[in-house]
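Here's the letter readout for the chains.
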Amino acid sequence: QSSVTLYGIVDMGVMSSNPHDTAAGKTGSTLATTSGALSTSRWGVRGTEDLGGGLKASFNLESEIAAGTGVAGGSVVASGATTTGVLFHRASNVTLEKSDLGSIQLGRMNRLEYDAVIANDAFGAANFGGAVRVAYIGSGAVPGTGDVRTANAVVLKSANLGGLVLAYQHQFGGQAGDNSYWSGDAVSATYTAGKLQGVASWSQNNNAGGTKNDSVRTFGLNYDFGVVKAYVGHIERVVSNDTDKVKSQYVGLKAPVTAKISAFGQYTKVSNAAAATGDYAAVANNDAKVYAVGVTYAFSPRTTGYAMHGTSQNDGTAKVYVSNLAAGAAAGKDQTATVIGIRHSF
Amino acid sequence: QSSVTLYGIVDMGVMSSNPHDTAAGKTGSTLATTSGALSTSRWGVRGTEDLGGGLKASFNLESEIAAGTGVAGGSVVASGATTTGVLFHRASNVTLEKSDLGSIQLGRMNRLEYDAVIANDAFGAANFGGAVRVAYIGSGAVPGTGDVRTANAVVLKSANLGGLVLAYQHQFGGQAGDNSYWSGDAVSATYTAGKLQGVASWSQNNNAGGTKNDSVRTFGLNYDFGVVKAYVGHIERVVSNDTDKVKSQYVGLKAPVTAKISAFGQYTKVSNAAAATGDYAAVANNDAKVYAVGVTYAFSPRTTGYAMHGTSQNDGTAKVYVSNLAAGAAAGKDQTATVIGIRHSF
Amino acid sequence: QSSVTLYGIVDMGVMSSNPHDTAAGKTGSTLATTSGALSTSRWGVRGTEDLGGGLKASFNLESEIAAGTGVAGGSVVASGATTTGVLFHRASNVTLEKSDLGSIQLGRMNRLEYDAVIANDAFGAANFGGAVRVAYIGSGAVPGTGDVRTANAVVLKSANLGGLVLAYQHQFGGQAGDNSYWSGDAVSATYTAGKLQGVASWSQNNNAGGTKNDSVRTFGLNYDFGVVKAYVGHIERVVSNDTDKVKSQYVGLKAPVTAKISAFGQYTKVSNAAAATGDYAAVANNDAKVYAVGVTYAFSPRTTGYAMHGTSQNDGTAKVYVSNLAAGAAAGKDQTATVIGIRHSF
Numbered sequence: 004q005s006s007v008t009l010y011g012i013v014d015m016g017v018m019s020s021n022p023h024d025t026a027a028g029k030t031g032s033t034l035a036t037t038s039g040a041l042s043t044s045r046w047g048v049r050g051t052e053d054l055g056g057g058l059k060a061s062f063n064l065e066s067e068i069a070a071g072t073g074v075a076g077g078s079v080v081a082s083g084a085t086t087t088g089v090l091f092h093r094a095s096n097v098t099l100e101k102s103d104l105g106s107i108q109l110g111r112m113n114r115l116e117y118d119a120v121i122a123n124d125a126f127g128a129a130n131f132g133g134a135v136r137v138a139y140i141g142s143g144a145v146p147g148t149g150d151v152r153t154a155n156a157v158v159l160k161s162a163n164l165g166g167l168v169l170a171y172q173h174q175f176g177g178q179a180g181d182n183s184y185w186s187g188d189a190v191s192a193t194y195t196a197g198k199l200q201g202v203a204s205w206s207q208n209n210n211a212g213g214t215k216n217d218s219v220r221t222f223g224l225n226y227d228f229g230v231v232k233a234y235v236g237h238i239e240r241v242v243s244n245d246t247d248k249v250k251s252q253y254v255g256l257k258a259p260v261t262a263k264i265s266a267f268g269q270y271t272k273v274s275n276a277a278a279a280t281g282d283y284a285a286v287a288n289n290d291a292k293v294y295a296v297g298v299t300y301a302f303s304p305r306t307t308g309y310a311m312h313g314t315s316q317n318d319g320t321a322k323v324y325v326s327n328l329a330a331g332a333a334a335g336k337d338q339t340a341t342v343i344g345i346r347h348s349f
Numbered sequence: 004q005s006s007v008t009l010y011g012i013v014d015m016g017v018m019s020s021n022p023h024d025t026a027a028g029k030t031g032s033t034l035a036t037t038s039g040a041l042s043t044s045r046w047g048v049r050g051t052e053d054l055g056g057g058l059k060a061s062f063n064l065e066s067e068i069a070a071g072t073g074v075a076g077g078s079v080v081a082s083g084a085t086t087t088g089v090l091f092h093r094a095s096n097v098t099l100e101k102s103d104l105g106s107i108q109l110g111r112m113n114r115l116e117y118d119a120v121i122a123n124d125a126f127g128a129a130n131f132g133g134a135v136r137v138a139y140i141g142s143g144a145v146p147g148t149g150d151v152r153t154a155n156a157v158v159l160k161s162a163n164l165g166g167l168v169l170a171y172q173h174q175f176g177g178q179a180g181d182n183s184y185w186s187g188d189a190v191s192a193t194y195t196a197g198k199l200q201g202v203a204s205w206s207q208n209n210n211a212g213g214t215k216n217d218s219v220r221t222f223g224l225n226y227d228f229g230v231v232k233a234y235v236g237h238i239e240r241v242v243s244n245d246t247d248k249v250k251s252q253y254v255g256l257k258a259p260v261t262a263k264i265s266a267f268g269q270y271t272k273v274s275n276a277a278a279a280t281g282d283y284a285a286v287a288n289n290d291a292k293v294y295a296v297g298v299t300y301a302f303s304p305r306t307t308g309y310a311m312h313g314t315s316q317n318d319g320t321a322k323v324y325v326s327n328l329a330a331g332a333a334a335g336k337d338q339t340a341t342v343i344g345i346r347h348s349f
Numbered sequence: 004q005s006s007v008t009l010y011g012i013v014d015m016g017v018m019s020s021n022p023h024d025t026a027a028g029k030t031g032s033t034l035a036t037t038s039g040a041l042s043t044s045r046w047g048v049r050g051t052e053d054l055g056g057g058l059k060a061s062f063n064l065e066s067e068i069a070a071g072t073g074v075a076g077g078s079v080v081a082s083g084a085t086t087t088g089v090l091f092h093r094a095s096n097v098t099l100e101k102s103d104l105g106s107i108q109l110g111r112m113n114r115l116e117y118d119a120v121i122a123n124d125a126f127g128a129a130n131f132g133g134a135v136r137v138a139y140i141g142s143g144a145v146p147g148t149g150d151v152r153t154a155n156a157v158v159l160k161s162a163n164l165g166g167l168v169l170a171y172q173h174q175f176g177g178q179a180g181d182n183s184y185w186s187g188d189a190v191s192a193t194y195t196a197g198k199l200q201g202v203a204s205w206s207q208n209n210n211a212g213g214t215k216n217d218s219v220r221t222f223g224l225n226y227d228f229g230v231v232k233a234y235v236g237h238i239e240r241v242v243s244n245d246t247d248k249v250k251s252q253y254v255g256l257k258a259p260v261t262a263k264i265s266a267f268g269q270y271t272k273v274s275n276a277a278a279a280t281g282d283y284a285a286v287a288n289n290d291a292k293v294y295a296v297g298v299t300y301a302f303s304p305r306t307t308g309y310a311m312h313g314t315s316q317n318d319g320t321a322k323v324y325v326s327n328l329a330a331g332a333a334a335g336k337d338q339t340a341t342v343i344g345i346r347h348s349f
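Line by line, the protein sequences give chains R, H and P. Read the first sequence against the working numbering and you will find it ends at 349, with the numbers running on by one and no gaps. Read the second sequence against the working numbering and you will find it ends at 349, with the numbers running on by one and no gaps. Read the third sequence against the working numbering and you will find it ends at 349, with the numbers running on by one and no gaps.
These are computed hints drawn from the structure, not numbers from a lab. A couple of the hints might just be wrong.
[What the hints assert, rightly or not] With a Cα cut of at most 20 Å, we get these calculated SDA-like pairs of lysine to any residue:
1) Lys101/H x Gly56/R
2) Lys59/H x Ser303/R
3) Lys160/H x Phe222/H
[Unchecked claim] A short, non-exhaustive set of chain H residues, derived as facing chain P with CB atoms under 8 Å:
4) Val13
5) Ile68
6) Gly71
7) Gly76
8) Gly88
9) Ile345
Glycine residues also receive a C-beta, built at the ideal position from the N, C-alpha and C atoms.
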C-alpha cells in the first residue's frame with residue numbers, strides 16, 4: 004500500500020466578469036466565486052510499482068472539483084455519447100513502462116494535442132487566458148468546452164531518444180461491426196534541447212458513420228531566456244473538406260520577478276472561429292483577439308495566491324471568451340474578466 | 004503529501020418508527036436500517052500546511068454516505084437551483100489563516116446559523132432528537148431537509164479575542180447584472196468563559212428577484228456543571244414581512260454516567276410551524292413538541308454503540324418529526340422512533 | 004488515522020468479441036477496450052480498530068470503476084427501486100467482531116449466495132467465463148446483470164467452528180406497515196478441511212406485495228490437488244411456484260504452470276435459462292453451454308498480465324454470454340470473446 008498517493012488542488016477565487024457590447028456599453032456585470040481559475044480544482048489517487056528490470060506499473064484516477072459547490076467529476080464523450088457525472092473524468096488509466104523502450108497506457112487520459120498545446124502556453128492549463136481555452140480541441144468541441152481528454156484509448160510512448168519523445172494515441176470507437184465509428188488517432192513529437200522545447204501534434208477523429216472527421220494540427224515552441232520564458236504556438240482545426248480552417252495563434256511571456264513572484268501574459272488571435280453550432284466548422288471572418296495578464300505569489304511550493312485580468316474581442320458572430328469561468332460572451336460581443344484567488348495543492 | 008488525512012464515519016443502526024394518529028391509533032410501523040442516526044455517515048479528505056510566520060493554509064472536502072445503500076453525496080442549493088448528486092456537498096473549501104488575525108475561507112461550508120445551533124444542543128448534529136432537526140435553517144428550507152450549508156461563499160472569522168470569536172459569511176448569488184439575487188449574509192458571535200459558552204447568530208437570505216427574504220436569528224447557551232452539561236436555545240425565522248414567526252425553543256441535558264457511558268435528553272417546543280409548502284411561512288397555532296433521550300457506550304474514542312428514543316407531537320397541520328430518518332410524520336399526527344446502532348470513525 | 008487503507012484495482016484490456024448466428028455466420032465483430040475482465044476495477048477505503056478483549060470494529064467503502072471512461076459507482080436495487088450512480092455500491096458497511104463468537108455487519112455487502120458461488124469457481128469473480136456470470140443471483144436479476152449485493156442489510160456470521168463457518172443475512176424491506184415487502188433472507192455454510200472446501204447457500208427474496216419470491220440454492224466444492232485445483236458447482240433458481248428451475252452446473256480447473264504463470268478453464272451448462280424478460284422465470288429447453296480458458300502472468304503480487312478466451316452456445320431463446328463486457332449475445336445466438344489485459348492492484 005506504500006505507493007498510493009492521495010493528492011489534489013483546491014483553487015478558489017472571486018471573479019468580476021463583464022460581457023459587454025462595444026456599441027451600447029457594458030451590461031450584466033457579475034461578481035462571483037470561481038473554482039480553478041489558475042489550476043482546475045481536483046482530487047486523485049496515483050501510484051507506481053517497480054517491477055524490476057527497468058519495468059514499472061502505475062495508475063492514475065483523477066476527478067475535477069467545482070469547489071464552490073462541491074460537485075466532483077464531469078462529462079465524458081465516448082463513442083458518440085456524452086456521459087455526465089463521471090467521477091474520474093480527468094484520468095482513469097493504467098500504464099506499463101520499460102525504461103529503455105517506452106510505455107503503454109490504457110484507459111482515459113489527456114488527448115495528445117491538448118498536452119501539446121498546454122506545454123507551450125504561458126497560462127498552461129489555467130481556465131483563464133490561455134490558447135487552449137480558445138482552441139478547438141476534441142471531437143465536436145467548441146472552444147474550451149470540448150472533451151480535451153479521450154476515453155477507451157491506448158497510448159504508446161517512446162523512451163527519451165536523445166531529447167525526442169514520440170507518442171501515438173488510439174481512441175477505440177464503439178459500434179458493433181464498425182470499428183472506425185467515433186474512433187480517433189493522434190501522434191505527437193516533443194523535442195527538448197537545453198532551454199528550447201518544441202512540441203508538434205496531429206490528430207484526426209471520426210464522427211458517427213465516418214461521414215465527417217475533424218483534424219487538429221498544433222505546433223509550439225518555448226525558450227527559457229532566464230529573465231523571461233517565451234512561448235509561441237499555432238493551432239488549426241479542419242472539419243472534413245471545409246475550405247476555411249479555424250486557427251489560433253499566440254505569443255506569451257512568463258517572468259520570475261522575484262523568488263516568490265511570477266508575472267505572465269499572452270496574446271492570442273483566433274481566425275474563422277465557429278459560431279458554436281452544428282459541426283463547429285470554420286466561419287470566414289469570425290475573428291477574435293484575447294489579451295490576458297497574470298501574477299502569482301508563492302506562499303510555499305504548495306500554496307499560491309494569484310490575480311489575473313484579461314479581455315476577448317469578438318468580430319462577426321464569434322464568441323471566444325477570455326475565461327470559461329466568466330459570465331458568457333455573446334456572439335460578436337467582448338468579454339472582460341478579473342480574478343483573484345488562492346490555489347492550495349495537497 | 005504528509006499532511007493529507009483521509010477520514011470518515013460509518014454509522015449504521017436499526018430503527019423502529021411509527022407515525023401515528025392520536026385519534027385512531029398507530030399505523031404504518033416500520034423496521035429498517037438507518038445510516039447516521041448519531042452522526043451522519045461520511046468520508047472526506049483534509050489537510051493543513053504551515054506557511055511560516057503564523058500563516059496556515061488548509062482545505063477540506065467531505066461527502067455524506069447513506070451507508071445502507073452506499074450512496075455518497077447529496078443536494079446543493081445555489082443561486083436558486085438545486086443540484087443533486089454533489090459529491091463533496093458537506094464541505095469543499097480552502098482556508099488561509101493568520102494566527103493573531105483570523106481567517107478567510109472560500110467555497111462550500113456550514114452556514115453560521117447551523118454551527119450556532121448545534122453548538123448548544125444536547126443531540127448536536129445527530130439526525131435524531133435535536134433542535135437543529137426542527138429548525139428552519141437554509142433558504143426555502145423545511146425543517147431538517149433544508150440545505151444547512153452554503154455554496155459559492157466566503158467566511159471571514161476573527162482570531163480568539165479574549166474568549167470571543169466573530170464570523171461573517173457571504174453567499175454569492177448567481178445572476179448576471181444582479182448580485183443580490185439569491186445572495187445571503189450571516190454573522191455569528193461565540194463567547195467562551197470557563198464552563199460557559201454562548202453563541203448568537205443572525206442571517207438573511209434573499210430569494211430570486213429580491214422579492215422575499217428569510218431571516219433566521221439564534222441564541223443559545225451551554226454550561227458544564229460537571230455531573231451534567233446543560234443546554235438552552237432559541238431559534239426564530241421570519242419570512243419577509245410576515246407577522247408570525249416560526250420559533251423553536253429547547254432545553255437539553257447531557258451527563259457522563261461512567262467513563263464510557265453518556266446519557267442525554269432534550270425537549271424542544273416549536274411554535275407556528277410552517278405546513279412545509281409555499282414559502283415556508285409561519286402558520287399560527289401550528290405548534291409541536293419533541294421529546295428525545297439517548298445513551299452512548301464508547302468502545303473506544305473511535306467506536307461508539309448507541310440507543311435513542313423520542314417522540315414528536317404535532318398540532319394543527321404541523322408535521323415536525325423526531326428524526327428525519329424515521330417513517331414520515333403526517334400533518335397534525337405524532338411520530339415515535341427508537342434506534343440502536345454503532346458509529347465507527349476512521 | 005493509522006488504520007485507514009486506500010486500495011483498489013485498475014484492470015484494463017482490449018477485447019475482440021463476436022456475437023454470431025450459427026446459421027448465417029458471424030456478424031458484428033467488435034474490438035474495444037475493456038475494464039475489469041479479470042477483476043472489476045475499483046477503489047475503496049477500509050480499516051480495522053482493535054477494541055481489546057478480542058473485540059474488533061471495521062468498515063469498508065468500495066466503488067467500481069469503469070476504467071475506460073472513469074465512471075465510478077453503479078446501480079443498487081433496494082426496496083423495489085433501482086438507484087443509479089451509487090458511489091460505494093460494492094461495499095458500504097461497518098462490522099463488530101468478537102474473535103471467539105462471530106460478527107455482526109450492517110449496511111451494503113455481497114449476497115451470501117454470490118460469495119458462495121465465486122468461492123468455487125475457477126474464474127472467481129472475473130467478468131469473464133465464470134459460473135457467477137450466468138447464474139440468476141439477485142432479486143429480479145438476469146444473468147450477470149443482477150444486483151449481486153444487498154442493501155439495508157445485516158449479516159450475522161459465526162466464528163470458525165472447527166472448519167465450519169455459518170452465516171445469516173437479512174435484507175430489510177422498505178414499505179411502511181409491511182416489513183416483508185422486498186425483504187430477503189439467506190444462509191450459508193462454508194466448510195474447510197485441509198485441501199477441501201465446500202460451500203452451500205440458500206436464499207429467498209420477496210418481491211413487492213409478497214406475491215412472488217425467488218429462491219436460489221447453491222452448492223460447490225473445490226479441492227487442491229497441488230498440480231491443479233478442481234472446482235465443481237450447482238446453482239438453481241426457482242421463481243415462486245414455477246415448475247421449471249433455472250440451473251447452472253459447472254466444472255473448472257486452475258493450475259500453477261510456473262511460479263508466475265497460472266492456467267485455468269471452466270465448462271458451465273445452463274438449463275431452462277430465462278429469456279430475460281418478465282419475472283425471469285425458467286423457460287423449458289432454453290439451454291446453453293459456456294466454455295472458457297485463461298492464463299495469467301504475475302509481474303509481481305500486485306501486477307498481472309492476462310489473456311482469456313471463451314464462447315457461449317445458446318439454444319432456443321437463451322442469451323447466455325461468456326462475458327458481460329462483450330458485444331451482446333442475441334437470443335439463441337452464440338458469442339465468442341478474446342481479451343488480453345493488465346490488472347494493477349494498489
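Here's how the hints hold up against the structure:
Taking the CA atoms of Lys101/H and Gly56/R, the gap is near 50 Å; set against the 20 Å cutoff, the hint is violated. Taking the CA atoms of Lys59/H and Ser303/R, the gap is near 10 Å; set against the 20 Å cutoff, the hint holds. Annotation: proposed proximity of Lys160/H to Phe222/H holds, straight-line Cα distance about 19 Å (limit 20 Å). Of the supplied interface hints, the one on Val13/H holds, with its beta-carbon coming within about 4 Å of a beta-carbon of chain P, less than 8 Å.
Taking 8 Å as the C-beta contact cut-off toward chain P, the hint placing Ile68/H at the interface holds, the least distance being around 6 Å. At a threshold of 8 Å, the smallest CB-CB gap from Gly71/H to chain P is about 4 Å, leaving the interface hint in force. Taking 8 Å as the C-beta contact cut-off toward chain P, the hint placing Gly76/H at the interface holds, the least distance being around 7 Å. Given the 8 Å rule on beta carbons, the hint for Gly88/H holds: about 6 Å separates it from the nearest Cβ of chain P.
About 6 Å separates the beta-carbon of Ile345/H from the nearest beta-carbon of chain P, less than 8 Å, and the hint is met.
When the structure is compared with the earlier hints, a violation turns up for hint 1 alone.
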